[in-house]
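Asker: In our numbering, the protein residues as written are 1 to 325.
Hints listed in this document are in silico derivations from the structure and should not be mistaken for laboratory results.
Incorrect hints may appear among the rest.
[Unchecked claim] Straight-line Cα separation of at most 25 Å, SDA-like style, residue types lysine to any residue; simulated pairs:
no., residue 1, residue 2
1, Lys59, Arg82
2, Lys141, Pro45
3, Lys288, Cys83
4, Lys134, Gly145
5, Lys230, Trp243
6, Lys230, Arg240
7, Lys134, Cys43
8, Lys141, Ser151
9, Lys59, Cys43
10, Lys288, Ala260
11, Lys134, Arg225
12, Lys288, Ser44
13, Lys288, Asp100
14, Lys59, Pro45
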Amino acid sequence: MLQFLIRRLSGAVVIMFLIGAFTFFLFYTIPQDFAQLSCGKNCSPENIAVIRENLGLDKPITTQFWEFMMGIVSGRNFPQGRCSAPCLGVSFSSGDFVWDSIMDRFPLTLSLTVGGLVIFLLFGLGTGLMAAWKRGTALDKVVSGSSMVLSSFQIYFLGPIVLSILVYNTGWMDFPKYVSFTENPAEWFVGMLIPWAVMATIFTAQYTRMARSTMIEQLQEEHVRTARAKGMRQSYVFFRYAWRGSLIPIVTIIGMDLSALLSGAVVTEFTFDLAGIGRLAVNGSLTKDLPLTMGVMLFGAFFILILNIVVDLAYAYIDPRVRLA
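Construct the entire structure; sequences and hints are all you get.
Answerer: Dropping the structure here:
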């Protein structure tokens, strides 16, 4: 187990370095003066020269890349002050430290992700299990049909409909907004409820179909049929043998969805006018803000790599037949 973790973490460091290198040098192929972009249109050549020096743009590209990568480990000094590790540089457009900008947006993205995840896992896996348990019945048909319809919806379609009904027309709820959980837990919950509900509706439908199909497949396995032949209770066989085996593909998809949401739920944030990491990434791309874009990409890559390792560890726990080599 320890060797597996060391090997995977070492590989994750190498992958993140390659992602940073690829993004950095890719942006430098853009014919754009980043100092001019940071200063604005009506900017004197003297001010542009000062900004270029302050941002380190007057140095060779390889030197800039090396300082950027070393800043992640040990921090860097800028005219604005000391940027502590992990330092992802200074935003060209705002002049703020990139890591601070990401951390300002992360609580919103984390709240959006965790709240939505809890809801759609509870409802999605629950309804999927019920449909598999009552396979062929009216309940199964209703659940399967509803999940097929709802899974075809998109957040940018369902979100405005929900806002129109609950906010604009009836006034039953206020427009979604983020309030820190530590500041006011009640307002935090109410402000995030509509985005959670819309996300949960779409993801619940997907997880319902997945849970039902994987559960039905597991019920046909030989070890499950053997347990039934031994006279074990149907409920015991269902949850002790079939349910545990069906978790592996579900855990895989959960890891992928969770890493994508933590990297920034772009569509959800734009639909409900929430300033999370996804919106920060889009703004960085539109303004050609190299440090901001690289910082968000590395931040997202970190979660993707770490959650992949967690998923691999979960495999061995869920299914003892899986061995980590």
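Asker: Can you list which hints this structure breaks, lowest number first?
Answerer: Numbers 2, 7, in rising order.
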